[in-house]
Amino acid sequence: MRNVLTIAGRELRSIFTSPVAYVVMTGFLLLCGWFFFNLIARFNMLVQMYSSYEAMGDTAGRLNLNEFVIAPLLHNMAVVLLIVVPMITMRSFAEEKRLGTYELLLTSPIGTGQIVLGKLLASGTFVGLMIASSGIFGIILSIWGNPEIGVLLAGYAGLLLVGLTFVAIGLFASSLTENQIIASVVGLVITLLLFVIAWPADSAGDILGPVLRHLAVTEHFDQMVRGIVSTSSLVYFFSMIAGWTFLTQRSVESIRWR
Amino acid sequence: MIEVSNLTKRYGERAAVEAISFKAERGQIVGFLGPNGAGKTTTMRMLTGFLPPSSGSATVAGFDISTQADEVRRRIGYLPETPPLYPEMTVRSYLTFVARLKGVARGKLREACDRAIERTGLTDVHGRLLRHLSKGYRQRVGLAQAIVHDPEVLILDEPTVGLDPRQIIEIRSLVRELRGDRTVILSTHILPEVAQTCDKVVIINEGRIVCEDDLAHLTAESPLEEVFMRLLAADTRDRESRLDHDAGASPAGAV
Numbered sequence: 001m002r003n004v005l006t007i008a009g010r011e012l013r014s015i016f017t018s019p020v021a022y023v024v025m026t027g028f029l030l031l032c033g034w035f036f037f038n039l040i041a042r043f044n045m046l047v048q049m050y051s052s053y054e055a056m057g058d059t060a061g062r063l064n065l066n067e068f069v070i071a072p073l074l075h076n077m078a079v080v081l082l083i084v085v086p087m088i089t090m091r092s093f094a095e096e097k098r099l100g101t102y103e104l105l106l107t108s109p110i111g112t113g114q115i116v117l118g119k120l121l122a123s124g125t126f127v128g129l130m131i132a133s134s135g136i137f138g139i140i141l142s143i144w145g146n147p148e149i150g151v152l153l154a155g156y157a158g159l160l161l162v163g164l165t166f167v168a169i170g171l172f173a174s175s176l177t178e179n180q181i182i183a184s185v186v187g188l189v190i191t192l193l194l195f196v197i198a199w200p201a202d203s204a205g206d207i208l209g210p211v212l213r214h215l216a217v218t219e220h221f222d223q224m225v226r227g228i229v230s231t232s233s234l235v236y237f238f239s240m241i242a243g244w245t246f247l248t249q250r251s252v253e254s255i256r257w258r
Numbered sequence: 259m260i261e262v263s264n265l266t267k268r269y270g271e272r273a274a275v276e277a278i279s280f281k282a283e284r285g286q287i288v289g290f291l292g293p294n295g296a297g298k299t300t301t302m303r304m305l306t307g308f309l310p311p312s313s314g315s316a317t318v319a320g321f322d323i324s325t326q327a328d329e330v331r332r333r334i335g336y337l338p339e340t341p342p343l344y345p346e347m348t349v350r351s352y353l354t355f356v357a358r359l360k361g362v363a364r365g366k367l368r369e370a371c372d373r374a375i376e377r378t379g380l381t382d383v384h385g386r387l388l389r390h391l392s393k394g395y396r397q398r399v400g401l402a403q404a405i406v407h408d409p410e411v412l413i414l415d416e417p418t419v420g421l422d423p424r425q426i427i428e429i430r431s432l433v434r435e436l437r438g439d440r441t442v443i444l445s446t447h448i449l450p451e452v453a454q455t456c457d458k459v460v461i462i463n464e465g466r467i468v469c470e471d472d473l474a475h476l477t478a479e480s481p482l483e484e485v486f487m488r489l490l491a492a493d494t495r496d497r498e499s500r501l502d503h504d505a506g507a508s509p510a511g512a513v
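Chains P and G, in that order, give the protein sequences. Residue 34 in my numbering sits at position 34 of the first sequence, and the numbers go up by one each step. Quick note: to get my numbering, add 258 to the position in the second sequence (first position is 1).
It is possible that some hints are incorrect.
Unchecked claim - Here chain P is said to cover these stretches of chain G; the calculated rule only asks that three of the stretch's residues, wherever they fall, bring their Cβ under 8 angstroms from a Cβ of chain P:
1. 305-319
2. 326-338
To be verified - Computed beta-carbon distance windows for the label pairs:
3. 496/G <-> 254/P: 32 to 38 angstroms
4. 242/P <-> 272/G: 37 to 43 angstroms
5. 42/P <-> 367/G: 53 to 59 angstroms
6. 448/G <-> 100/P: 19 to 25 angstroms
Just so you know, the hints here were simulated from the structure itself, not pulled from any lab data. Predicted, not measured: the structure shown is a model, and the values here were computed from it. Glycine included, every Cβ here is placed at the ideal spot set by N, Cα and C.
Only chain G is shown next, with the shape it has when bound in the complex (with noise of 0.2 angstroms):
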């Protein structure tokens, strides 16, 4: 369903995100774990459409996000790291608008308002406006807006952060009753999360791949806070070797 490979996204000279590939299955529920800047939200905005990728490819759905980006946008349903929400909408006119910018038809406008609402819990509050509501139902808006259209593939930004530990688990469970036959990868740095939710685990540090696994393979032996200290642990070890071997090396070349 989602195919990447050797994407990477450069910044001038620091990479943002090198040369990372993965995969994730229909139906799949895949945590992107990682600790904060490691490149999650800009891989994420990569296979959205909204940053090009400084090289390598990627493909959703079978669409090639570089050359066929309309295609991938039409089967995408994203939720960004804070809710684009305009304060000043009501969430019904709000989902309309969504719902008519990713091109669903005149006529089932209403249709796919109403399952949008109804299935994210929102039948109470669809006349409010956007800006009276709270933290956690602006979060479900943001939600309602990514299936809105139905899409293949759903991409969560940190869907949970900053809510309250009720909030945190209606969304866990929601998360859960959306995916269907959906493909979603949703991002996150806290390790319960995934262990709750998700069927399968990338691990990126430092904008680097470092483990890519099913959860059940991955927490077999040991709980996954375990195994995720020992990977990262693992990787710093084994970039500052690196480093160690590219500082050791370079002044004898320079000679």
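Only chain P is shown next, with the shape it has when bound in the complex (with noise of 0.2 angstroms):
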């Protein structure tokens, strides 16, 4: 565990001391506040409009928060998280490799599981508290409004596990190259398709359906943000993760038998 955590905090610790991370979560935050503003004011646009209309009865009332700018905020965030995550998770290993420090670690006597979970907690921590941030946005609707917090939680949840899935992509495009941006284009390329893999479920047939809509980030995603948790997402989530650290603690091990 101490391995893991000296891993993990020279690896935030050099996170932050480059432009990147600034960067990267300036805009993340900068483009979640247009789509925020965006959402907010077709909302109310929206609210006016029905509330004009005496005929329509109560309809203005049934407008929710929840549904009309959380959930489309939430999958917006989760695009963005889709194309600046890999970005963030490029250089953790092929930075190493150009530096030389490869050397240096895989000569240290800590395992190559040690470095790879410190990698994923540290850039984790960095996609979670980026995420976090967003949160002011659920902050600002409970304050002058009425969402339904649970819901809401469960949506934040759900973009936690996607960021935490991209990460744990991203990383292993990164182990598998000592170039940045074959690792940026790999990883942006694999949580794509995870992203899209369902499109042609419906004419897929009766086996392979399923197993498509199963194999997509968005469906459970899209669960969790109507504020369903079951337990079939959370096993997706977390075998994902669980799934791809593993095949990058082979990537790195590989080193060792090749």
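Please dock the two separately framed chains into a single complex, following the hints provided.
The following block contains the structure:
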């Protein structure tokens, strides 16, 4: 555990001493702010529109923040994560190989699993911080509106799990190469594939269809955004994170049996 | 202290290092000498547990490099060809990080770093960022990280390459000071370096050991340069005659 924390501590420090972290975080929050503003503006317009037609009855009262603001906001944030997470994780292994510090790590009396877990912890913490700071939108809504808090929290938990899954995939991509661009592109391609893998599900038949749907990040995330936290989704996210982390460990270890 | 026997590393068909054997005693500085591409770095990487050998074995401080790799790693200080530095760290925070990696106990971290900084003459720059250090200082930090956990064996891959003459002299005398009762293996292709710092010479050419001898014994009759050139020439001749022999023999065998 001490070794994992040693690795994670150095990694986090290096994330925060490079400008990348600040650029990524600023960009993420800027985009999220823009989404939030527009969704709120649209919501406001809808409420005004519906309440001006007496004939519609109580339609305006049935418009709810969770469905019209929080859900689309979370979905948009997931798309932004899809793009920025590979940029955060791309350096983790690739940079070490380029600097030659990879040799230092692998000639130290620590396991490759500990190295990988340390890096997962560091990048995961960063992505967690980034998502947490976007929690300001939820807080604003709770102060001036009345969203369902449980659904809101489930959605944010879903976003965090999506973020961690992307981190695990990004680390794997980074462990394959010493070129950061390649690491980021490979990471992006894998995460994007997982995002859209369910597209042909409707025409893929009775067996393949559900399989593709279960594999898609979006299906599980969508459920959590709607407030449904099922065991199947939790198992999906945790097995994704564990599975990609395992592959990363194998990839790092492979230098020892190649 | 170090015993290498029949260590081999193959990449596909090509053998980077083939069946090499040598020994190093406690307190000895062994010069690992050979032309570029002779297999020096590969051998060192196998000893430090970075690369696994294809076959053969070696023990460091009594532990086998394949089966007891972590025990070996704990006892080795290793300076690769380019010092493994994180440019955004300060000298002290970097050394603390390495000490923790190498398993120095929490309460002794400070002491270990202070000692490494003092011994390698980094006291004046201990708060500077590594990216701002000159090449000579970086090399010293490289040495400092190699000794921070007080290892029994030091493995230095071309520690003076790319330095100016004054820095070379400093690093050499540093290596001699660091010896103590440690075993040091130092690779180089610079002959005077061996003559000035080492007790024992292992000459390697195209992945094979050409010569293993005490420096004093080897240079008793003629200077190291002559010995080195003669041995390499003889080895190359040997190789060619073997190849000719193989080439002459195989067509006949095929028929």
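Between the region 326-338 of chain G and chain P, see if three or more residues pass the 8 angstroms beta-carbon test, and mark the coverage as holds or violated.
-> As far as the region 326-338 of chain G goes, the hint holds, because 7 residues have Cβ atoms under 8 angstroms from chain P.
Verdict on chain P covering the region 305-319 of chain G, criterion of 3 CB contacts below 8 angstroms = Result for this restraint: holds, n = 5.
So does residue 242/P sit 37 to 43 angstroms from residue 272/G, Cβ to Cβ?
-> With a Cβ separation near 38 angstroms, residue 242/P and residue 272/G satisfy 37 to 43 angstroms, so the hint holds.
Using the C-beta atoms of residue 448/G and residue 100/P, is the stated range 19 to 25 angstroms upheld?
-> At roughly 21 angstroms between Cβ atoms, residue 100/P and residue 448/G fall inside 19 to 25 angstroms, so the hint holds.
Range agreement (Cβ of residue 254/P with Cβ of residue 496/G, hint 32 to 38 angstroms) | holds, 37 angstroms
Within 53 to 59 angstroms or not, the Cβ separation of residue 42/P and residue 367/G?
-> Cβ of residue 42/P to Cβ of residue 367/G: about 56 angstroms, so the range 53 to 59 angstroms holds.
This entry satisfies every hint, going by the numbered hints stated previously.
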